[in-house]
Amino acid sequence: MVFFWRKSDVEKKAEKGDKNAILELIKQGKKEKAEKILKKYASQREDLAELLFELYVQEGKLVQAYPLLKKYGDKIGKAKERAKVYQAVGEYQKAIEEFLKVGDFESLYNVAKIYHQLEKPDKALEYAQRAEKLVPYEKKEELENFITQLKKELGLIEEKKESILDKLRRGLQKTKEAVEFGVLFRGRKVDEEFFEELEEMLVKADVGVKTAVELTEKLRKEAIRKNIKEGEKIKELLKKELKELLKNCQGELKIPEKVGAVLLFVGVNGSGKTTTIGKLAHQLKQKGKKVLLVAGDTFRAAAIEQLEVWAKRAGVDIVKKEEGSDPGAVVYEGMKKAKEEGYEVVLVDTAGRLHTKEPLINELRKIKKVIQKFDKEEPSETLLVIDATTGQNAIQQAKVFKEAVDITGIVVTKLDGSAKGGAVVAICRELKIPIKLVGVGEGIDDLQPFDADAYVEALLE
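End of the sequence shown = 461 in full-length UniProt numbering, gap-free, step of one.
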């Protein structure tokens, strides 16, 4: 017996462009259906373009809302909505203009944050102080901290520079909250129960079961040999063992002084590749390098758009093509531009579709061949970006990428969002590839060179 799905009268009317029927679909929770219909009519009907714009904003699809804003301007949406869309795509001046039309606390605070992002702390302070007059109670402390930060940047308050150790302490806070090494070591008698708890904590921190068992056994034997009875002394021994284990996994980023030094970034979607590229582009630009971004992940439109936003934030150039383009062709165009126009560093983004293993491997190998047509010594680095929050899964993903290309270094991201900060140990032990950079926060300067000693100190505090 065959059943046929019959469209409701509301759906039939909606498909003919009836605005009330489309609103009814949205009310019923059929937002995807409504979005599909609205996209069909948005280029001809301003009223439906406005409805699609509002739907995108409500759903947080700000980048998708941008083409509508580009076409209709201030004829659609409210000023605050338009401002948020402009902000999302890096049209900062337009975002500021729209926010200032509103003039409430949230809008003035957003203007201050945009100016801060544009590295204009004086203007940021001006608008933050204007926002202070309208601040609601629950935002008071946050705004005060922001104003203090701006004053430090302007030299109005003396600032103590945050060290790599301080950044790691902050970044590993979630791991330390979940795995309380300090409590175990402090004032504890060293006995069998102590070592069982230590092994459990190491596993919980995601250093890997094999590593946790081996480390615990080694410390147990050392405690017997040296007749150690205090937890604090075991802590020092554990620090020494971890530093020894990690010292072979510490490496500096290799960027030769020449035109067209390439850093190729690989990793699964969502690992933080694009954000890492954006932050590194900013840091290299600050050091006076001429930087070019290449949007080699043509599989996802969002990846191209996100990289474009980062290019604007960092103040660097980008080579991109439309979604579905041949990644090799994009990389070819990027390399050609780099060589002809004297770009010192080229940062290449790539797709990370692990569920299509063979095409992925072939695509990465092709990209590498294209790069080597221009310079046989490139890429200078092929960096695998790993999300710390995925823990042991990251190691399995890494093995697939190792099949495709020679990985020269690892970037571990989202250490601040993970209770699995010990995964760095497992990554080092299993993959035996140098860890070049770690992401310890959302700030543009929170991408740091990996320091094994500082990492161990912060982890075991």
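None of these hints come from the bench; they were simulated from the model.
Errors might be hidden in some of the hints.
[Said to hold, decoys possible] Label pairs and their calculated CB-CB ranges:
(1) Lys432 - Lys71: 25 to 33 Å
(2) Lys243 - Gln93: 43 to 51 Å
(3) Lys36 - Lys432: 43 to 51 Å
C-beta atoms are modelled at their ideal positions from N, C-alpha and C, and glycine is treated no differently.
Consistency of the hints with the structure:
1. Lys432 - Lys71: 25 to 33 Å: Hint violated: Cβ distance 53 Å, outside 25 to 33 Å.
2. Lys243 - Gln93: 43 to 51 Å: The hinted range 43 to 51 Å holds for Lys243 and Gln93, with Cβ atoms some 49 Å apart.
3. Lys36 - Lys432: 43 to 51 Å: With a Cβ separation near 49 Å, Lys36 and Lys432 satisfy 43 to 51 Å, so the hint holds.
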